[in-house]
Amino acid sequence: MKKKLLLMGICVSCFFSACQKKPDINHAVAGLIFQAETAYRNGYYNAALTITDSAIVISPDVADVYFLRGRVFTKLARLNEAEAAYRTVLSLDPNYQGAWFNMGTNSIRQDDLPAAIAHYKSELLLYPSARTMVQIGRAYADLGKIDSATFAYEEAIKTDGKNAAAHMRLGHLYKDSGDITKAIEYATSGLNLDPENLDYKYVMGSLLLLNGEPEVSLPYFQAVTSKRPWHYWSHHNLGQALYRIGNEAESQHYMDMAKELQKGIQEVENWRNLANMNPDQFMLWVNLGNSLKNMGRIQEAKDAYLVAISLSPMSFALQNNIANLCLMDGDTAQAIIRYKAILSLDSTLVDIWLNLGVVHASAGRKNDARQAWAKGLEYDPVNKTLRDYLETLN
Amino acid sequence: MSPFPAGKITVLIAVTIFIACENKQPVSANTTQINFTDVTATAGLANFRHVTGAVGDKWFPESMGSGGGFIDYNGDGWSDILLVGGGVWPEKSAAVAPALFLYHNNQDGTFKNVTAAAGLADLHTYGFGITVADYDNDDDQDFFFTTIWQNHLFRNDGGIFTDVSLGSGLEKDLLWSTTAIFFDADQDGWVDLYVGSYVDWSPEKDIWCTLDGNTKNYCTPELYNGVPSRFYSNNGDGTFTDKTEQAGFLPAPGKMLGAAVLDFNNDGWPDLAVASDTQRDLLYVNNGNGTFKEIGAVSGMAYDENGRARAGMGIDAGVVDNSGKETIFVGNFSKEMISVFRHQSGDFFEDRAALSKIGRPSLMTLTFGLFLFDAELDGDLDLFTANGHVQIGIEHTQDGIYYREPSHLFLNDGDGHFADIVPSIGGPLAQPIVGRGAAYSDYDKNGTLDILVTENDGPVHLFRNDNNENNFLRVNVKSRASARVGLGTKLVGITKNKHMVRRVKTGSSFMSHSEQTVTFGLGSEEALDSLYVYWPNGSMEVFHNINSGQEINITEERGKSTVQ
Chain A
119 MKKKLLLMGI CVSCFFSACQ KKPDINHAVA GLIFQAETAY RNGYYNAALT
169 ITDSAIVISP DVADVYFLRG RVFTKLARLN EAEAAYRTVL SLDPNYQGAW
219 FNMGTNSIRQ DDLPAAIAHY KSELLLYPSA RTMVQIGRAY ADLGKIDSAT
269 FAYEEAIKTD GKNAAAHMRL GHLYKDSGDI TKAIEYATSG LNLDPENLDY
319 KYVMGSLLLL NGEPEVSLPY FQAVTSKRPW HYWSHHNLGQ ALYRIGNEAE
369 SQHYMDMAKE LQKGIQEVEN WRNLANMNPD QFMLWVNLGN SLKNMGRIQE
419 AKDAYLVAIS LSPMSFALQN NIANLCLMDG DTAQAIIRYK AILSLDSTLV
469 DIWLNLGVVH ASAGRKNDAR QAWAKGLEYD PVNKTLRDYL ETLN
Chain B
18 MSPFPAGKIT VLIAVTIFIA CENKQPVSAN TTQINFTDVT ATAGLANFRH
68 VTGAVGDKWF PESMGSGGGF IDYNGDGWSD ILLVGGGVWP EKSAAVAPAL
118 FLYHNNQDGT FKNVTAAAGL ADLHTYGFGI TVADYDNDDD QDFFFTTIWQ
168 NHLFRNDGGI FTDVSLGSGL EKDLLWSTTA IFFDADQDGW VDLYVGSYVD
218 WSPEKDIWCT LDGNTKNYCT PELYNGVPSR FYSNNGDGTF TDKTEQAGFL
268 PAPGKMLGAA VLDFNNDGWP DLAVASDTQR DLLYVNNGNG TFKEIGAVSG
318 MAYDENGRAR AGMGIDAGVV DNSGKETIFV GNFSKEMISV FRHQSGDFFE
368 DRAALSKIGR PSLMTLTFGL FLFDAELDGD LDLFTANGHV QIGIEHTQDG
418 IYYREPSHLF LNDGDGHFAD IVPSIGGPLA QPIVGRGAAY SDYDKNGTLD
468 ILVTENDGPV HLFRNDNNEN NFLRVNVKSR ASARVGLGTK LVGITKNKHM
518 VRRVKTGSSF MSHSEQTVTF GLGSEEALDS LYVYWPNGSM EVFHNINSGQ
568 EINITEERGK STVQ
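One line per chain: the protein sequences are A and B, in this order. Every position in the first sequence, counted from 1, becomes a number in the numbering used here once 118 is added. Every position in the second sequence, counted from 1, becomes a number in the numbering used here once 17 is added.
Errors might be hidden in some of the hints.
Computed spacing ranges between beta-carbons, pair by pair [claimed, not checked]:
1) A:Glu272 / B:Gln567: 39 to 49 Å
2) B:Lys352 / A:Asp447: 31 to 41 Å
3) B:Gln448 / A:Glu272: 29 to 39 Å
4) B:Asp259 / A:Ala367: 26 to 36 Å
5) A:Gln370 / B:Gln448: 40 to 50 Å
6) B:Thr59 / A:Glu272: 21 to 31 Å
7) A:Arg227 / B:Glu221: 45 to 55 Å
What the hints contain is simulated information worked out from the structure, not anything from laboratory work. Note that beta-carbon positions come from the ideal geometry of N, C-alpha and C, so glycine has one too.
Isolated chain B (complex conformation):
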């Protein structure tokens, strides 16, 4: 040990440098001129506010928030917006809060509230999430709405929705449901439904939790029993049958908050990755017949590197590097990194949270909504996350953790290494919010993908993507043999420098729904050299030399046409 006086000088210098150290700017990826603008108010969405029904009892569901997203309810090719309003507690308040809000896209950057006109104004419940698909194969977008009581299936009849829950087979389970996902598990052309269940909670079972030992605060899910999620097979006649056990989805720990479809083993059958809150995450591999085997633990994606289950909220999966393998991303709690698991071979996934450079920047934030999208249209899938804590006032009890948090936008360098550019670009993404649901769509049809974010007990945000430097191609698919909107279709776009894999899907993120149009970012390329379309029924079609700057429709076995 150094003599006292010299040691003291060394320490003084060290103390000074400690203070200086944290002023370094983070290294950023090649950002081009990426820029987002908050257009919530100008778009006509400023009056929306999510409500929790909180009156001071700090009931657990009030901390959850709700999702939202995009739906083309009138089939005009423009993304409309569907939001979940939250709810109130009937035993606590006589107030009436609308459960759903539907905004019609005026095609000029603005939206108009058409909730009542669309038949959605009369529902009052405590709602959470939405998922959109054409479940009855009549060429329009229906949706499924999860709540803390009965869930609702809404059938689209020419732009007006009818609640057809009763008799659908989906109305029986009065459980706290969260995320739901439509996907054609058995490839019979009719989309099936997987509905996430959370915990066994009721006002009578609400637990007293505290941060400071004196005042009640919101609990975290460890204290409640999980309820396993449900799988419903589409009967093709407007009804569903609960086949949770037959399809291999039991036993399951419950506490599900996110689900994403992928095909990690490239066998053409959809697999399912599930984010479970404080439980192990799940990976259901399709047996090739619509039944599943859960392999999360042995695959390595269920836990962190120390075998610990993490929070597990938003989730997405996609090919983000030159390996061609799918990577699963899961949003977790504060002091937990975002999970990044890339498929290796066989059933194995490798933990790439730190290697991807996503891990450390995400350590202090609490991530809910999360999705992959090409933010700068360079052909690489980037990662957006909506963040926000669950404990009001957390900053008073835990240093470095905040209730309101900025979003992350991790830009991909093309080989699965990411950099969060929000600290450097600032703007609306850097604004601290209580982020929950997140979805993307090109709502203004300029080729760039815009972002919708919901807040818990707060407004919605529409962030317009103003990065117009790069070229794009947008593709809609319609299958004849498979589920009409082509759910499960894999598209591979190839240019000189890029091999881009995309999938038509629902689900992902947190209780939210993004558009089903596939966007290929082409960078400076003027055309997509080749487009391979792998239909769910196993057939494949290829198209060559498709010019950029357009949106096209591809109908199975009938070729492509440009969207007017």
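Only chain A is shown next, with the shape it has when bound in the complex:
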């Protein structure tokens, strides 16, 4: 019950963030937006789009609907459709907060940096923020326009001194220009503002290593390797740092691990590039998900599978994989929802009954577990695993 209330609370707050407080939104449309937002946040992208279609039929001029569609299309890497949705938002409400910003971010994904800068500047004119200035800086840096990038980051810091990303990115520019001292200064500020950020810890470690301080860099890399066992870069640099302080054996261990991880990283990048270039190809997203899962990057694997399932909703094997990943990620509720959803379409899938039972049993819901396994046995009476599991409940 508590979890349900919490979920509802989250959904309500999401609803308010999704809608830009337009007092005259049709009540039915508001409800549909709420449902679509919930579906989107739980990865049911096709459902989110279908619900927004219904909302558009009722009221075709509600900007919030198109904004949500833009976010869904972005998740599905259908960036042209996302841009069209955002442009519709702006045609209905030229001051819609976030529309230009999201278009800018999608332009960066498409390597159209001048367009990204233009979009971000449009957002900046309406809603000045450090966050937008940082994105402008990022686009300028990628274009090689370092002075403009530096200015953007400095302005971001003046606007909001607590914007950690601005500090980190400005530090990166100083690093590239050879001023490692200043780079470390800014990285220190950034990390102080966001001390648990593993990416920032990695950057700090790298700067210290570059500055000839391998011993001081160690704890930063170790923090990353312990929480991200797939993080090739920190393993590599940790190996480098250890070698430099004379710890050759341990260095070799991390360098060997880095070598193994490197293959996985390369595979992920290859599949990601292909999937983004061909977002309508089911198997590319599946392969991306598989390669991410193999590296232990569970959330990212789930994201890739969710895109894949939107392309082929009746792939029960993939639905099962997603449910399993939800489980691995600790999201038991979503796992159960998904198992039940699969079974509602095909109740003969014994493996799904098995998995569902396991989830219930792990949570101490013995009756539910017994029911699930018994149901599985109806379809496969000789299934030894089911029988053994049932036995454990007696």
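Assemble chain B onto chain A, guided by the hints.
Same frame as chain A, now just chain B:
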């Protein structure tokens, strides 16, 4: 967050300043009056054109380009020019394209095509690179030519070349070869050969790649399997033996595009730095007997600061600052800095790409040919790079990146900090080209080092160095106990203000060959106070008070003489 109206004003000002910001001029090093002139046409080289054989299939090798460089084929002491013509695909075209072009130096600033007279006109293949050395110790310059099929060893017989590949031991591997380098790995007086292999490609294995999702474009090497390079030991009788595995060159990732000789640990034995395309770069340390151990990854020079392998094309190594330590430079892809790794101590190298000030200016360009040379004869090694992309029309899909790119000339301030002066001096170096091979030589014998650059599917460029303000000394070495032309000899020139370390070598850059004469820039000094010659066999000779403005020959144990 500031109130809306004030915030809007702030942002408007900010937007305006964004536009103004990028008009600042770059800070330049002390350039003296450095100036280059494009003398390609007046030199008689304007008719040369590299061909790729492209007919629209966008086969991967067509994007690579070829090298070229300098060779004294007739032994008259003047640098002649040897260029690789590229090639055509026999299955696609009946046309015949010459593989090699040899230009004789007329000693008056012009060159004459003597390809046929030198016996090189009959070879037709798909060629890539050259490297030059006296492999048979008969006092003339031979060369090795890499191709996509069989490589060729050309023996110089009095200015006429004979293809002696068959039976040499070098003809067996029909792989896509790129850069090659002669060096005396085991110090036995006979130069050995390291030949770079690239990827496992054939027309049947060509992969369909695209930039826009619709049209085929040239692939990049990640999609192909690398093929490890080969090491051949010189048997001293005109033949070579493949000792790749015995010498410690396996396993290797392949995709090699550049190799440079150095002696980073100062033990007198040649080491080898290798640039590998999208793979880790390699550092082979000589075990003191002609076998090697690869230490690139642990040394820190194999990857960028985040452990990423970069493109890795042209490469060179030299002492560029007062530390006395060797620094390795590697040309990389666009959005990757030129690698700059200076030896620290033991096996460690430190990343100095950003600190050297080379990193940032090189970020957007794609560097192929790359070499160290003293552009202004001030005693410091400067860095030249030939740039150009591999994807035609890249500017339509990636902002800030161009297919044709200007060169970089990074002048050294004497302590390993560099400034690209091309934006400020303009001229032919600033002209956007599809740069590939690059080499240097004092072809007109005025003491300054001139530049040769090849283009992919384009002309060659000869840039004459017109910076005549400073003094120079040029040194040729000939050893008796070691490989005749003194490959591997280290020379240290000392003046009041400078301690200059130079090495007689082949290789470096991208599939190209620079002269083997060593040039010391003396600035305003009228003489070199001391010249230490460290011969490959371990002996050392020293000479004092050598006047500037001349070219001298030094023969091992026989002293020096002035070149007439």
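Which constraints among the numbered hints does this structure fail? Numbers only, ascending.
Result: hints 1, 6 and 7 break, sorted rising.
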